[in-house]
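**Q** Protein sequences appear in the order of chains E and X. Here this note's numbering is used: the first residue of the first sequence is 371, the next is one more, and so on. Here this note's numbering is used: the first residue of the second sequence is 29, the next is one more, and so on.
Misleading hints may appear alongside valid ones.
[As the list claims (entries may be wrong)] Negatives, chain X to chain E, calculated, CB over 10 Å:
hint, residue
1, 39
2, 83
3, 123
4, 147
5, 152
6, 166
7, 180
8, 187
9, 204
[Claimed, not checked] Looking from chain E toward chain X, a few residues come up when the C-beta cut is under 7 Å (computed):
hint, residue
10, 546
11, 547
12, 548
13, 704
Quick caveat, the hints were computed from the structure, so don't treat them as lab data. Heads up, the beta-carbon is just placed ideally off N, CA and C, and yes, glycines get one too.
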Amino acid sequence: MKNKILMKGNEAAAEAAVIAGCRYYFGYPITPQNEIPEYMSKRLPEVGGTFIQAESETAAINMVFGASAAGARSMTSSSSPGISLKQEGISYLAAAQLPCVVINVSRGGPGLGNIAGSQGDYFQATRGGGHGDYRTIVLAPANCQEIADLTLEAFDLADEYRMVVMILADGFLGQMSEPVVLPKPSGKTFSKEWAVGIGNKNKVASLILSPEDGLTKHNYVLKDIYDRVEESVIKYEEYMIEDADYILCAYGSSARICKQAIQELRAQGIKVGSFRPITLWPFPYKELKKATEGKKRVLTVEMSFGQMLEDVKLSVNGTIPVDFYGIPGGMIPTPEEIVERIKSYE
Amino acid sequence: MEKIIFAGFGGQGVISAGKLLAIASMREGKEVSHIPSYGAEMRGGTANCAVVVSDDEIASAIVHKPTICIVLNEPSLDKFESLIESGGILIYNSSIINRKPQREDIKIYSIPCNDISEHNGSIRAANMAALGALLKVKPELATMESMKMALVEGISERNHKFNPTNIKVMEEAYSYLK
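Only chain E is shown next, with the shape it has when bound in the complex:
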């Protein structure tokens, strides 16, 4: 209890990155993630790190490219419109197999949108966002403790698979304060022989023009990595699944609303459970399929018009009906609305 600290989600992410050994942060301000660069601007100089407020989001992600190419643990963060601007750089990082962590504390969209939390960036996060045949690992925390734990782990995953790892949070999680026990460093080490100035190679590249099949071969190299990630990096949480008639499927903030709805429904004798994907890519297709076997219906709940819904449908694959409840534009569903929807099935 004593080592608990009341921290904003944004601060928890920033401190966890420092604990993970991140010493290079590049970013450009945008609400609701400003506490991350604010924290890093104060904290990184204390540990011998470098903080740069870049001239733009594009510049920031390319500075991450540079730091990562030299073998350093580096990170950037932004919110939805800023993450859009970083997509070109993310695609280049993916091509060059450079590890880094990108945090999206998402807000309402499209366009400049508003500054409240939203889950409208699921497609962008899990379907690439930038161009080309690439993947990023996407982790979706649902509370401040998990923001800290997953950010720490993100750096290990990034180095292990040499991939971009995105933390997909939202404005509510970033601004919320909760007790956090700061995680300890994992102690894992990774060879960075591929990095410029560490091994024998003196370049990293995201352009492969020759030989003629060079890019195709490179894409297969990436594909092998993505296949391995799909096999070994799956995270999810099940809640009161066993005897449930209905399954709520939600991630991040909306999963917490679902949990509250489940408690209210259970008090009324209606058997409901929930499945919360924590890795959005790779999505826990098999695990969700198994959790929904023999159930009457799945209700997907999102702060959007239904984006993860497509993955839920792919997973369930027509075996039971999949319904959707959501609200876009920076609003959050109420537990009552979810309770009403579930009761309408009875």
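Model the placement of chain X on the given structure of chain E, informed by the hints.
**A** Just chain X now, kept in the frame of chain E:
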């Protein structure tokens, strides 16, 4: 589980008051969450924060229907009075709220937060008066001792010099309610 809204003008310290309560309750082993209000209302109008204090894991930290509402200005009373759960608690700042609350199914406490703050020598501690009143009405949330410790933990060091006044205001408000 208590779902608490602190609301007032931006600058009245409602976000800080919520954070101090969250820290004090956390130090007593409770599960807590704090969410500042967010959006256009931060610029002018009303600011508010939602604090949940619970013995168990907090599912949703978003407060749609508060069990306790502390309002420091009239626009906040207008906004939140109707949302309080039946049987809940309303604490309002009678120094600057001129109308009487209308609800009859909740417990209502009137406390002159600004006056208590001012005759202790500060125009900025109305939020502390509200906290003092809250601790009297709901002692389960946190003790006065934990709250005093929260003042050290939750307030930046350069403002610690205001804590003696903060504590006086809190204690006077605490004993103001019988």
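**Q** For the hint on residue 546 of chain E, just tell me whether its beta-carbon gets within less than 7 Å of chain X.
**A** Since chain X brings a Cβ to about 5 Å from residue 546 of chain E, closer than 7 Å, the hint holds.
**Q** Taking the closest Cβ pair, is residue 547 of chain E under 7 Å from chain X?
**A** holds, 4 Å
**Q** Per the stated criterion, does the least C-beta distance between residue 204 of chain X and chain E lie above 10 Å, as a non-interface residue requires?
**A** holds, 28 Å
**Q** Hold the hint about residue 548 of chain E up to the distance rule: shortest CB distance to chain X must be less than 7 Å.
**A** Holds, because the Cβ-Cβ distance from residue 548 of chain E to chain X comes to roughly 5 Å (cut-off 7 Å).
**Q** Would you say residue 123 of chain X is clear of chain E, with no C-beta pair closer than or equal to 10 Å?
**A** holds, 28 Å
**Q** Is it correct that the beta-carbon of residue 39 of chain X has no partner in chain E closer than or equal to 10 Å?
**A** Its Cβ never comes within 10 Å of chain E, the nearest being 18 Å, so this holds.
**Q** Hey, does the residue 704 of chain E contact hint survive, CB to chain X under 7 Å?
**A** OK, holds: residue 704 of chain E within 7 Å of chain X, min 5 Å.
**Q** Against chain E, does residue 166 of chain X hold up as non-interface, every C-beta pair farther apart than 10 Å?
**A** Residue 166 of chain X clear of chain E: closest Cβ-Cβ about 19 Å, beyond 10 Å.
**Q** Checking the smallest CB distance to chain E, is residue 147 of chain X really beyond 10 Å?
**A** Check passes; 31 Å lies beyond 10 Å.
**Q** Is the Cβ of residue 152 of chain X more than 10 Å away from each Cβ in chain E?
**A** holds, 22 Å
**Q** Beyond 10 Å from chain E, beta-carbon-wise, is residue 180 of chain X?
**A** Residue 180 of chain X is indeed farther than 10 Å from all Cβ atoms of chain E, at 13 Å.
**Q** May I ask you to check that residue 83 of chain X keeps its beta-carbon over 10 Å from the closest beta-carbon of chain E?
**A** holds, 13 Å
Comparing the model with each earlier hint shows no violations; every hint is respected.
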